[in-house]
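Whole structure, please, built from the sequences with the hints as guidance.
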Amino acid sequence: MQLTAQAGTVSAAPRAKSLWWRDVIGIVSIIALGAAGYWLFPDNLALLTRIIAVALLVLSIDLIVGYCGVATLGQAALFGAGAYAAGIACVNGVTEPMTLLAIGAAAGAAAGLVMGTIMLRAHGLAQLVLSIAIVQLFHEAANKASAITGGSDGLAGLMVSPLFGIFEFDLWGKTAYIMGLALLLIVFVALKFIVASPFGMLCRGIKQDPVRIRAMGAFVFPVLLKMFAISGAVAGMGGALAAISTQVVGLDSVSFELSANALVMLVLGGLGTLYGALIGTVIFMGFEHVVSAINPFHWMTMVGALLIAVVLAAPGGLSSLVEKVSGSRGGKA
Amino acid sequence: MQTVLSIATDALAFGMVLFIICIGLSLTMGLMRVVNLAHGAFAMIAGYIASYAARDLGLGYAVAIFLAIVGTIIISIPLERFLYRRIYGSPELTQVLMTIGITFCVIGITNYFFGPTLKTIPLPQALSQPVDIGFRTIAAHRLFVIACGAVVAGGLWYLIERTSFGIKLRATVDNAAMSDALGVRTQVVYAVSFAIAIGLAALGGVVGAEFLPIEPYYALRYMVMFLVVVSVGGAGSILGAVIACLVLGLVDTTGRYLMPEFGNFFFYAAVILIVCLFPRGFLGRAQ
Numbered sequence: 001m002q003l004t005a006q007a008g009t010v011s012a013a014p015r016a017k018s019l020w021w022r023d024v025i026g027i028v029s030i031i032a033l034g035a036a037g038y039w040l041f042p043d044n045l046a047l048l049t050r051i052i053a054v055a056l057l058v059l060s061i062d063l064i065v066g067y068c069g070v071a072t073l074g075q076a077a078l079f080g081a082g083a084y085a086a087g088i089a090c091v092n093g094v095t096e097p098m099t100l101l102a103i104g105a106a107a108g109a110a111a112g113l114v115m116g117t118i119m120l121r122a123h124g125l126a127q128l129v130l131s132i133a134i135v136q137l138f139h140e141a142a143n144k145a146s147a148i149t150g151g152s153d154g155l156a157g158l159m160v161s162p163l164f165g166i167f168e169f170d171l172w173g174k175t176a177y178i179m180g181l182a183l184l185l186i187v188f189v190a191l192k193f194i195v196a197s198p199f200g201m202l203c204r205g206i207k208q209d210p211v212r213i214r215a216m217g218a219f220v221f222p223v224l225l226k227m228f229a230i231s232g233a234v235a236g237m238g239g240a241l242a243a244i245s246t247q248v249v250g251l252d253s254v255s256f257e258l259s260a261n262a263l264v265m266l267v268l269g270g271l272g273t274l275y276g277a278l279i280g281t282v283i284f285m286g287f288e289h290v291v292s293a294i295n296p297f298h299w300m301t302m303v304g305a306l307l308i309a310v311v312l313a314a315p316g317g318l319s320s321l322v323e324k325v326s327g328s329r330g331g332k333a
Numbered sequence: 001m002q003t004v005l006s007i008a009t010d011a012l013a014f015g016m017v018l019f020i021i022c023i024g025l026s027l028t029m030g031l032m033r034v035v036n037l038a039h040g041a042f043a044m045i046a047g048y049i050a051s052y053a054a055r056d057l058g059l060g061y062a063v064a065i066f067l068a069i070v071g072t073i074i075i076s077i078p079l080e081r082f083l084y085r086r087i088y089g090s091p092e093l094t095q096v097l098m099t100i101g102i103t104f105c106v107i108g109i110t111n112y113f114f115g116p117t118l119k120t121i122p123l124p125q126a127l128s129q130p131v132d133i134g135f136r137t138i139a140a141h142r143l144f145v146i147a148c149g150a151v152v153a154g155g156l157w158y159l160i161e162r163t164s165f166g167i168k169l170r171a172t173v174d175n176a177a178m179s180d181a182l183g184v185r186t187q188v189v190y191a192v193s194f195a196i197a198i199g200l201a202a203l204g205g206v207v208g209a210e211f212l213p214i215e216p217y218y219a220l221r222y223m224v225m226f227l228v229v230v231s232v233g234g235a236g237s238i239l240g241a242v243i244a245c246l247v248l249g250l251v252d253t254t255g256r257y258l259m260p261e262f263g264n265f266f267f268y269a270a271v272i273l274i275v276c277l278f279p280r281g282f283l284g285r286a287q
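For the record, the sequence lines run as chains Y and E. Quick note on the working numbering: the first sequence kicks off at 1 and runs consecutively. Quick note on the working numbering: the second sequence kicks off at 1 and runs consecutively.
Keep in mind that the hints were calculated from the coordinates and are not lab data. As the structure is a prediction and not an experimental result, all values here were calculated from the model. C-beta atoms are modelled at their ideal positions from N, C-alpha and C, and glycine is treated no differently.
If you want a taste of the chain Y side facing chain E, the calculated C-beta under 8 Å gives, among others: (1) 132; (2) 133; (3) 134; (4) 140; (5) 256; (6) 297; (7) 303; (8) 311; (9) 312.
To give an idea of the chain Y side of the interface with chain E (calculated C-beta under 8 Å), a few residues: (10) 123; (11) 125; (12) 144; (13) 300; (14) 307; (15) 315.
What follows is the structure, given as structure tokens:
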């Protein structure tokens, strides 16, 4: 018994090392791509910042769908909670950007707790429907409370004070982009640690077999609820970043469409890998920017065809294709 | 009292439209275990065919309905054969994605051919005039819709409970592998019930065009509503779908009458409440 356990640790060690190297390479390439975006598209920094904000949303969906196996079509509720919380705080005089991000994260986490408490009561289809109903309720509430949220006109006129008192949020969005990129990196590294921790392992175990995890003595509901809170914080930060960079919070940030699109991005990139979430977001939004400028309806046809193709040809998403081609599979990270 | 009866008749008509469209989805989800989010897209296709037949070709309303149903089923056959058959038995997420993809394609293609404007289906004289039903006058079309709903519910009940096809259908729902072994041709049962489901969606899309106007975003806009109705009713249950449609139709219509500024707020609040109380829907089977 002891022998096999030892053999296990011995064989696990080099794999962990190679994964560690892979992560360093991955993070370096994110920085490199981010910097490349900054130098190559100086006129489109607003779009790039938007991509980062949505990438945070997609990462948060990945935590729930990819790591916990809870299907959701309502994640934009958490994104919108963060965006509106940051926006309302900003209008009421809290203009320090770091504080706004923290407010967004806290609001997202709180919304995540509420959403998780409701959604985890059901399973399968009912769960999916609950998530849709929740995001629609948030949407109607934001629309209705127009005294606070601006209703369908959106919450405009956010005047954010300079970052650290030095870097102004200028018209070109340089400060917002760099702040967003830094935020994305910090969140990404933090999530890497979280999903590799025993807690992340437990979540993946629940995804595969909740009954067995329960039989082993772990409590399923609190673990999933914790992941919902973390996911909400990430999505809320994304929302706050979007609010800070565009200085407007619109109703579309709590829409079913945004939730569905974000889920599509995740599946395109690949479920259950953090890189997949980033790859999917960049490819989807890049294409959208190009094609929908020509005709938004062509874009819908293309997304539809792309979705069907991914489901039929590459159920694991694009990142699984990359792994297949490179042949260096070291287990799902 | 007047208001209550008014709301009740409108809610009944709206609920029946929901029922005719959703019962097909309920069948596909209960029987084939496919979460077909593209169901609304088929209703929309039918609406376009009917609109084209009645408005541009000048055919009668009944002919337009017939053409719409047949045309939509013909369009759905290759989709069933090449796309849906691959996702029978897949995880829900896969099915959701595939069918959202089909919905997006349908929206894009429809818009390319017909443009983004609203399409109307002209009603015949007999259905467009008001009828006095005692406490108020109501458009004859609404009575027609209610009658259609009642006929569909009765017909399906007869089909499923009293015919030999219904027996095979129920056997396949309960245990597909076992009924296959007993000589039921489950593939045929699947194909026929898929066609029935699509046909009902088509019928609902055409007769319900007054409530749910035909435009390219139809498929996406009401997709959520259809899905909600089915999961509230419990997939695969006719009676459950009837109850769900009436309850949700009532909640939605009442909300719109009394507090129009709240929009869909009450609808979704009711949905959350119901799903929390009945996680499998009103009359869903334990899986």
